[in-house]
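Colleague: Here are the chains, one letter per residue:
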Amino acid sequence: MSNEIGLEAIGVSKIFDTPTGTLLAVDDVNLKVPAGEFISVIGPSGCGKSTLLRMFADLDSPTTGSLNVANLPSSEARIQRKYAFVFQAPTLLPWKSVLKNVALPLKIMGKGKEEREKVAKEMIHLVGLEGFENRLPWQLSGGMQQRVSIARALTVRPPVLLMDEPFGALDEITRDRMNQELVNLRATQHQTVMFITHSISEAVFLSDRVVVMSARPGRIIADIEIDLPEPRTAESRLHPNFSAHVTAIRGYLVDAYNAPQK
Amino acid sequence: MKKESKLIFWVTRLAPPILTFSVFIAIWESYVYFKDISVILLPSPHKVAGEFVSNFWQLNKFARNTLFEAAIGLFAATLLSLVIAGSTYSSRKLSGILENYSALAKALPTVAIYPICTVFFGIGTKAIVAIVTIGIFPIMFLYVLRGFAGVSEHDALMESLSAGKKHRFVDLVLPRSVSYLMAGLRASAPTAIIITIVAEYFGGEVRTLGAYIRRESSNLHTLEMWGAILAACVLGLAVFGCVSLIDRYFSKWRPASD
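Residue numbers (our numbering), protein chains in the order written: chain A, 472 to 733; chain B, 448 to 705.
Derived from the structure by calculation, the hints contain no laboratory data.
Be a bit skeptical, because a hint or two may be false.
35 Å max Cα-Cα, derived DSBU-like pairs, lysine-lysine [to be verified]:
hint	chain 1	residue 1	chain 2	residue 2
1	B	Lys613	A	Lys582
2	B	Lys699	A	Lys584
3	A	Lys567	B	Lys612
4	B	Lys540	A	Lys578
5	B	Lys699	A	Lys592
6	B	Lys553	A	Lys571
7	A	Lys567	B	Lys573
8	B	Lys699	A	Lys567
9	B	Lys612	A	Lys503
10	A	Lys584	B	Lys612
11	B	Lys699	A	Lys582
12	A	Lys592	B	Lys612
13	A	Lys589	B	Lys540
14	A	Lys578	B	Lys453
15	B	Lys553	A	Lys553
16	A	Lys567	A	Lys584
This one's a predicted model, so the numbers in the text were calculated from it and none came from an experiment.
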């Protein structure tokens, strides 16, 4: 891993205005993720995980503090397309074929048809969906749709991937398979990844580090290095360190859930 | 099983309107027959159908002229709606003002617009097209604006991709609005035919359905008038059918169950 910064949050807080008053969603978050690291963020529902991710993506702005993505302020990183965002729902454009959905970021960047179709086909191959290029999104299963959205995110070869519970709506078996595919993809792509999840085992299996957030207002209450042998495979889940990490994170989460929300 | 359920679907869908229409025709036919109503007052349905068939080619010619005027007016209103809604939808204040004006303009009767249009365009096709455009624009505009102003998670996707205005409009806003545009066309197309015929009735080209209805009505040619009314109904239904086919073409990206 290089010394470059993949993601950085400095004193980040976020206050939302609601009809009943203000709501502190994220409170003084400081986080540094070296380039190439896979970090998962886990915490109780409503703790501000997704808000933090959206602030990194410049889709929301922080009330205080600053965020950097690939050594740039998050707003500049968005304009320079230094990250790709994978949403909880696949957010495919239903009127476009798989090929055109995957090629969309390149189209927006002004690349020619030939080039964008060539890259899109490579990415579709990478996520194992060859033969489905001309299908429309509704003709695919939920897992396949999410693979298309990951392929779309990879087309611009961004240095940073921001993933907001991308496998949250999938069944357990498909989810495990997608986890393995993401591990395999990362072995070839080497991006910095910030991954939001509710699944402890998913976070431990995928990550180099797991950050645990408290119940609202979201603060970082634990930052755990995951030392599992590489490459990660199905057997990694049977490694003694795996269950030790799962148990430790579960302990932090139980404390977070039991703490009174503000 | 699949074939059977399809049959049941069509029977349950088509049977009620066919039955209602048949009952209506039967009552009409019986009333004229048993009350011995004169053809000048109210011709029986079978006589109207006979007149429609025997005068088909003339009615067909008039209907095509009427369709031409209605289609040009509908096209102009749709284009105008797309341009104005397209340039104002991002400003909530401006689009809100136009939305209110359009809602008010929907209540404007054709007869009120007619004298104004004839002052500017004279009596003829130009005036009829202008009346249809003015009458249809508020309906189309409201549908198109609602489509353009729609929000989905795809907007956040476009934001994250740092997409410019052009790409947002062409790749997201416009295709996302197709269902609204089609709903607008389904509502507007038959209305455009009605407005055209009413405007022609007050004074338009001689070889149009509206003018023919006026002429035959003032000459007490009730049967010929009813034949033209039937032709107007057929024209309205044909236009609605065409719009539904276009809608089906543009909706192929939606699952069949939608």
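Colleague: All hints, please: hold or fail.
Modeller: Cross-check of the supplied hints:
1. A threshold of 35 Å between alpha carbons decides the hint, and for B:Lys613 with A:Lys582 the separation of about 15 Å falls inside it, so the pair holds.
2. This hinted pair checks out: B:Lys699 and A:Lys584 have alpha carbons roughly 23 Å apart, not beyond 35 Å.
3. For the hint linking A:Lys567 to B:Lys612, the alpha-carbon distance of about 19 Å falls within 35 Å, and the restraint holds.
4. A distance of roughly 32 Å separates the Cα atoms of B:Lys540 and A:Lys578; the hinted pair therefore holds under the 35 Å criterion.
5. Between B:Lys699 and A:Lys592, the direct Cα distance comes to roughly 23 Å. Compliance with the 35 Å bound is thereby established for this hinted pair.
6. Taken as a hint, the B:Lys553 and A:Lys571 pair is broken in the structure, with Cα atoms around 40 Å apart against an allowance of 35 Å.
7. The straight-line distance between the Cα atoms of A:Lys567 and B:Lys573 is roughly 40 Å, outside the 35 Å bound, and the hint therefore fails.
8. Distance restraint check for B:Lys699 and A:Lys567: the Cα-Cα separation of roughly 11 Å lies within the 35 Å cut-off, and the hinted pair is therefore satisfied.
9. For the proposed pair B:Lys612 and A:Lys503, the alpha carbon gap of about 34 Å is at most 35 Å, so the pair holds.
10. In summary, the hint linking A:Lys584 to B:Lys612 is supported, as the alpha carbons are separated by about 20 Å, within the 35 Å threshold.
11. At roughly 27 Å between alpha-carbon atoms, B:Lys699 and A:Lys582 fall within 35 Å of each other, so this suggested pair holds.
12. Between A:Lys592 and B:Lys612 the alpha-carbon distance is near 27 Å, which keeps this suggested pair within the 35 Å criterion.
13. Annotation: proposed proximity of A:Lys589 to B:Lys540 is violated, straight-line Cα distance about 44 Å (limit 35 Å).
14. Between A:Lys578 and B:Lys453, the direct Cα distance comes to roughly 42 Å. Violation of the 35 Å bound is thereby established for this hinted pair.
15. At roughly 49 Å between alpha-carbon atoms, B:Lys553 and A:Lys553 are farther apart than 35 Å, so this suggested pair is violated.
16. Restraint check for A:Lys567 and A:Lys584: satisfied, since their Cα atoms lie roughly 15 Å apart, inside the 35 Å limit.
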